[in-house]
Amino acid sequence: MLHIVACIKQVPDTKIIKMNPKTNTMDRASAPAILNPYDAHAVEEAVRLKKRYGGTVSVLTMGPPPAVKAIKKCIEIGADEGYMISDRAFAGADTLATSYALTKAIEKISKIKPVDLIICGKMTIDGDTGQVGPGIARRLDMPPLTSVNKVKEINVEEGYAIVHRKLEDGYEVIQSTMPCLMSVEKEINEVPYSTMTNMLKAARYQPIIWAVADLEDVERTQLGLKGSPTIVSKVWAPTKPSGGEMLEGDAAAQTEQLLNLLLEKKELFAVKGGSGVEL
Amino acid sequence: MSFEDYSGIWVFIEVKDGEVVPVSLELLGAGKELADKRGTELAGVLIGENVKHLADTVFEYGADTVYVYDDAIFKNYRTESYMKALLECCEKYKPEVILYGATSTGKDLASAVATDLPTGLTADSTILDIEEDTGLLLASRPAFGGNIMATILCKKYRPQMATVRPKVMKALTPILGRTGRLVEEKTSLKEDDIRTKVLEIVQHTTKKVRIDEADIIVAGGKGLGSEKGFQLVHELAETVGGAVGASRDVVEAGWVEHHHQVGQTGVTVTPKIYFAIGISGAIQHIVGMQNSSLIIAINNDPEAAIFQSSHYGIVGDAFEIVPLLIQQFKQAFNQEVVDHV
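Protein sequences, first through last, are from chains G and R. First residue of the first sequence? That's 1 in my numbering, and the numbers climb one at a time after it. First residue of the second sequence? That's 1001 in my numbering, and the numbers climb one at a time after it.
These are calculated hints, taken from the structure and not from any lab test. Don't take each hint at face value.
Here are the simulated lysine-lysine pairs, DSS-like style, with alpha carbons at most 25 angstroms apart [claimed, not checked]:
hint : chain 1 : residue 1 : chain 2 : residue 2
1    : R       : Lys-1170  : G       : Lys-265
2    : R       : Lys-1170  : G       : Lys-150
3    : R       : Lys-1167  : R       : Lys-1092
4    : R       : Lys-1167  : G       : Lys-266
5    : R       : Lys-1156  : G       : Lys-234
6    : G       : Lys-265   : R       : Lys-1167
7    : G       : Lys-113   : G       : Lys-50
8    : R       : Lys-1016  : R       : Lys-1037
9    : R       : Lys-1197  : R       : Lys-1037
10   : R       : Lys-1330  : G       : Lys-265
11   : G       : Lys-186   : R       : Lys-1330
Values in this document were obtained by computation on a predicted structure and should not be read as measured data.
Required output: the full structure, derived from the provided sequences and hints.
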């Protein structure tokens, strides 16, 4: 039976977050905390694989106590179990320290039930790096499969997975041994509305929460701010451009001015189909 | 770890279809500046099968040294094989900085290498600088959906690593015939050591212009109201011979596929002309197109932020303006052709 662990994160919704113009910091209260959108697809994919092949889906997160809400969201999507590691010692972790802490938690989950597959979202919308998934894979000595937009086949008995990995201009079909780690693109699936049963289950659900002391073989120097090789030295607001010239008049006058601008660049239009590269 | 043992700025040279990809050439340009500032050398690491001859290109674009791993095991990019080669090379020659293009391959490789070394890795950098005396890399990047810029440092580890967005740095003008030191490395890797296989590579066979390579992009936003309204973007793109771009909202609404998305979580583009139609100009979109040579915005909201980032703006109804433009363009274009015959 397949045991899949999906790693998830609660993030501020960066699409609507407001900046404090005086301090150049984000006003976190202005944005609701949500399940990282990419992670919803990771959990959905895990649930779909469970339906296809049978098994269990566990979700794992690292975060402060309110992040329980993100786990409940995953239970709504169809996850079976939720684990959370929460401790002040994890605070300030960069991608390397985050992958270390999550790896320690996965090692502990593996003792409860061996893990065959780990699924992560492509990236988080607050960190925007996509580095934690591959980091976990390396630490657990699993092949990292990034940019996965389709899981074609999983064969637990023979221990392999076949996936499509998205490239800039297409995709590649990869066969990997299992266990392995996949980080998935949004396009891999659509997350449907939750069923009433799952919503009721989620409302009552309480995840298993571990502090650092509950994990085994942890080197504390590798956790949190202390364990993070990168530091943020400076933060600033992107410069606001001053804007250009507005083309005035009625629609015909406006488009005529625009056309004259384009005609100054007529060499770009010299060939039908433009000078872009045709594949 | 003694930092004095680490020297040289390295660029991972990504190869696709037998050629060096543009972002690697851009990074040689950026890396050259860092290397000059530090008074150290610029090197490229070239991994693949039948890639040795590409070292000529890498030298022409500024590298002093090229390390080559040319072996059948490197035929296709695979995390494990490329990572092991690069780790071995790092161990042997100890660079102070390694830069990678923020492509699917570059990001995948850099994440794995950073974990194994271990060292810090800054993702999707858009500005690079280095402290002359300490050699500290200052890698800056948009963060939190482009709402802020942040400078990231890695003080305690070497090499320092960053992935860098394509189309942000400038490649040097190649000096034909420029050459350098070629270091050929042998790998001890065996096929059995690698746990993944590439079974097939499928390239999109679309006739459409690729957005990251297009000279002209016509991009549309949620202001167009519906997938049907978005057809206007397709029509103008076809008329002017441009690629279709879109804001995140449009992609999330499913009007076009994700590979059309311009911005922080999409593609960074720098076309010669960028049309933004019905795009409000959220910061996460702006970071992906602000370096375009000519930005033209059409929006019915005079307060739309997009006008701040445009060279020319038209306040008006896109459904009136764009069809008119298409009509005028078609007429003018034909006249231009006649004039030149």
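To see whether the hints hold, each was checked on the structure:
no.: 1; hint: R:Lys-1170 to G:Lys-265; verdict: holds, 22 angstroms
no.: 2; hint: R:Lys-1170 to G:Lys-150; verdict: violated, 35 angstroms
no.: 3; hint: R:Lys-1167 to R:Lys-1092; verdict: violated, 31 angstroms
no.: 4; hint: R:Lys-1167 to G:Lys-266; verdict: holds, 23 angstroms
no.: 5; hint: R:Lys-1156 to G:Lys-234; verdict: holds, 17 angstroms
no.: 6; hint: G:Lys-265 to R:Lys-1167; verdict: holds, 21 angstroms
no.: 7; hint: G:Lys-113 to G:Lys-50; verdict: holds, 15 angstroms
no.: 8; hint: R:Lys-1016 to R:Lys-1037; verdict: violated, 30 angstroms
no.: 9; hint: R:Lys-1197 to R:Lys-1037; verdict: violated, 42 angstroms
no.: 10; hint: R:Lys-1330 to G:Lys-265; verdict: holds, 15 angstroms
no.: 11; hint: G:Lys-186 to R:Lys-1330; verdict: violated, 38 angstroms
This entry does not satisfy hints 2, 3, 8, 9, 11, going by the numbered hints stated previously.
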